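**Q** Just so you know, the sequences run in chain order B and X. Read in our numbering, the first sequence has 697 at position 48, and its numbers run on one by one without any break. Read in our numbering, the second sequence has 284 at position 67, and its numbers run on one by one without any break.
Just so you know, the hints here were simulated from the structure itself, not pulled from any lab data. A portion of the hints provided could be inaccurate.
Stated by the list, open to error - Keeping only pairs whose Cα atoms sit at most 30 Å apart, straight-line, the calculated DSS-like set for lysine-lysine is:
(1) K705(B) <-> K675(B)
(2) K230(X) <-> K705(B)
(3) K718(B) <-> K755(B)
(4) K719(B) <-> K755(B)
(5) K747(B) <-> K718(B)
(6) K230(X) <-> K719(B)
(7) K675(B) <-> K747(B)
(8) K675(B) <-> K719(B)
(9) K243(X) <-> K230(X)
(10) K705(B) <-> K243(X)
(11) K747(B) <-> K705(B)
(12) K718(B) <-> K243(X)
As the list claims (entries may be wrong) - Computed footprint of chain B on chain X; a stretch qualifies when at least three of its residues, placed anywhere within it, have a C-beta under 8 Å from a C-beta of chain B:
(13) 256–264
(14) 290–298
Unchecked claim - Ranges of calculated distance between the beta carbons of each label pair, as one might list FRET restraints:
(15) Q273(X) <-> G689(B): 23 to 33 Å
(16) A727(B) <-> P287(X): 41 to 51 Å
(17) N296(X) <-> E702(B): 34 to 44 Å
(18) S677(B) <-> T320(X): 12 to 22 Å
(19) S700(B) <-> S244(X): 24 to 34 Å
(20) P287(X) <-> S673(B): 36 to 46 Å
(21) P287(X) <-> S707(B): 28 to 38 Å
(22) G708(B) <-> S244(X): 19 to 29 Å
(23) V693(B) <-> L228(X): 22 to 32 Å
Please read these numbers as outputs of a predicted model, since none were measured by experiment. By construction, the Cβ of each residue, glycine as well, lies at the ideal position given by its N, Cα and C atoms.
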Amino acid sequence: SQQGEEDPQALSIQEGENATMNCSYKTSINNLQWYRQNSGRGLVHLILIRSNEREKHSGRLRVTLDTSKKSSSLLITASRAADTASYFCAVNSGGYQKVTFGTGTKLQVIP
Amino acid sequence: DAGVTQSPTHLIKTRGQQVTLRCSPKSGHDTVSWYQQALGQGPQFIFQYYEEEERQRGNFPDRFSGHQFPNYSSELNVNALLLGDSALYLCASLRKGVTYGETQYFGPGTRLLVL
Numbered sequence: 650s651q652q653g654e655e656d657p658q659a660l661s662i663q664e665g666e667n668a669t670m671n672c673s674y675k676t677s678i679n680n681l682q683w684y685r686q687n688s689g690r691g692l693v694h695l696i697l698i699r700s701n702e703r704e705k706h707s708g709r710l711r712v713t714l715d716t717s718k719k720s721s722s723l724l725i726t727a728s729r730a731a732d733t734a735s736y737f738c739a740v741n742s743g744g745y746q747k748v749t750f751g752t753g754t755k756l757q758v759i760p
Numbered sequence: 218d219a220g221v222t223q224s225p226t227h228l229i230k231t232r233g234q235q236v237t238l239r240c241s242p243k244s245g246h247d248t249v250s251w252y253q254q255a256l257g258q259g260p261q262f263i264f265q266y267y268e269e270e271e272r273q274r275g276n277f278p279d280r281f282s283g284h285q286f287p288n289y290s291s292e293l294n295v296n297a298l299l300l301g302d303s304a305l306y307l308c309a310s311l312r313k314g315v316t317y318g319e320t321q322y323f324g325p326g327t328r329l330l331v332l
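Build out the structure end to end from the sequences listed, making use of the hints.
**A** Rendered as structure tokens:
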């Protein structure tokens, strides 16, 4: 079963706008990770946030984590056409780095 | 420095056949995980190999088995293929000595079609 639930399922924005994706999960976690996937190929790791962290930045990406609400958000600022992809959150809640992925948000950035 | 590699990239099989997929981890990595991703879904964890042993397993039947070699590369075997096994199979690797909070690196995947 998939623990993470992203919303929205699909998002279409104009280039230059910001994109926000949300992820909710069910159990306590060690960390939460966000990945990007282009055209059904391999996953690219974007950012990892640990359970004791609340916010993390990487370039145009900003991730927040609210463990009391069991939710996370990914913000992509000043979006580009190249950001068009599916974005997945994945939670690590057990040992050995097993991660459970959500269902993904499909982002389309229109030039 | 090569990343995670997988072979083949695409594969077509018929129901009932057996398939073997291969993965070479990133240099310096010793742990390999396999995931199945059906179309339009997120990846599902199949199992993880460390020190040539299956360390953790997801909710997949025994038709799915694996192996890890002394050079840390890994194989995923699926027996008695079903139409529902059609998916993208992803391999991910982790560096040696990792505990929690580390990044795993994914390969490009093998797309399997079962007819």
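**Q** Can you name, in rising order, the numbers of the hints this structure does not satisfy?
**A** 2, 6, 12 and 14
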